[in-house]
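Enquirer: Whole structure, please, built from the sequences with the hints as guidance.
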Amino acid sequence: MAEKRRDYGIPGTPIFDGDAAQRGYALNAMCFSFNDESNREAFRRDEEAYCRRFGLDEAQRRAVANRNVLELIAAGGNIYYLAKFAGIFGLDVQDVGAQQTGMTKEAFKAKLVEAGR
Amino acid sequence: MATVVGSVMTSHVPAIGRAIAKGLQQDPYWKPFFDGYPPVRRWLAQAKPDVAVVFYQDHGLNFFLDAMPTFAVGAAAEYVNADEGWGIPTVAPIRGDASLSWHVIEQLVADEFDVTTCQRMKVDHALTLPLALFWPGEGPPPVRVVPIAMNHVQHPLPSPKRAYALGESVGRALATWDADVRVVVVGTGGLSHQLDGQRAGFINKPFDLMCMDALVDEPRKLTKYSALDIVREAGAQGTELMAWIAARAALGGRVSKVHSNYHVPISNTAAGLLALANDAPLSRAA
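Chains Y and A, in that order, are what the protein sequence lines are. Under our numbering, the residue at position 50 of the first sequence is numbered 50, and the numbers go up by one with no gaps. So our numbering is basically just the index in the second sequence, starting at one, shifted up by 117.
Examples of chain Y residues toward chain A, derived with CB under 7 Å:
no. : residue
1   : Ile10
2   : Gly12
3   : Asp17
4   : Phe34
5   : Ala83
6   : Gln100
7   : Thr101
8   : Phe108
9   : Leu112
No wet-lab data here; the hints were simulated from the structure. Nothing here was measured: the structure is a model prediction, and the numbers come from that model. The beta carbon of each residue, even a glycine, is placed where N, CA and C say it ideally should be.
Expert: Okay, structure coming up:
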């Protein structure tokens, strides 16, 4: 995929716009389905089949397999739907934040505490 | 005529739901957050609202990208909560006030807000957690709700100026609601936080505190920002501030600060709380 992305000029900050919403539709539809426990269970049971059912493209499938949040966002994922995906693995938004910033969860939490001083 | 008693604005992070479920209110991590609420509960107990008009955002429980309204007004007798996928216990259905909802919708459309109307709408933590914080315990909250969902999921987002005008229009609706009810206007979300990208964990305490001050006496000051300005200053998800702006605008004129609290962090978020009493609860908005 070589589409040109708009630069909103806010470093380290993805803007989920119309381009991302189109690109990420299948991935986000799958993650939206994880509101239901039966769908979370179906994903756990057969991840490959579940992704196929929603028509994920190759980059999206790879990002899901890698459990990599920045890759999922690059593939059009929206953080609110992705958080439901993370929930399947018992991960919270601090795990998600730590992964994206390349920090340990403890270091990420310490950074948040520091921001309040 | 309806009496608008005031407004309460609060953050609504899902982790609060887990903390309530586990009874962690006095845990050292949570105490500075939960300790903000008793003064607001006491004020609400005196103000005795019958209805809460709630400006909030849906985080992918009711709305998906197939049809994403910018502003959606609930018009139902009851709203159900459901599994959001991140492990917060669900709550019992919340009572609505459909006739007030339709009155609000009529005013909004008359004021040229082309809103989506929802006779069936699931409400997520952004609506249920604030009610649980204001009226804790087992029973249902003692208010009927008029939920007003604002898109913060998919850009372009409405501007703070538009959020302000939305709130003003709702304020006009309340000022002409011919019913003997007491109304509190709730705004939920924020304050600064960012969940996504390399800047995840971004918090801007000076900006948050400036907004909380401005919301008391000079809320229009916040309308000079664009939605992207808010992203820059308050983080990608800090745009939930728009719900606070709308709630404040619904009150119109002068208010008195009842109580405020600000604590960083709860989960990834700067948690804010602001309660404002309406100084002229019966005056008709201009």
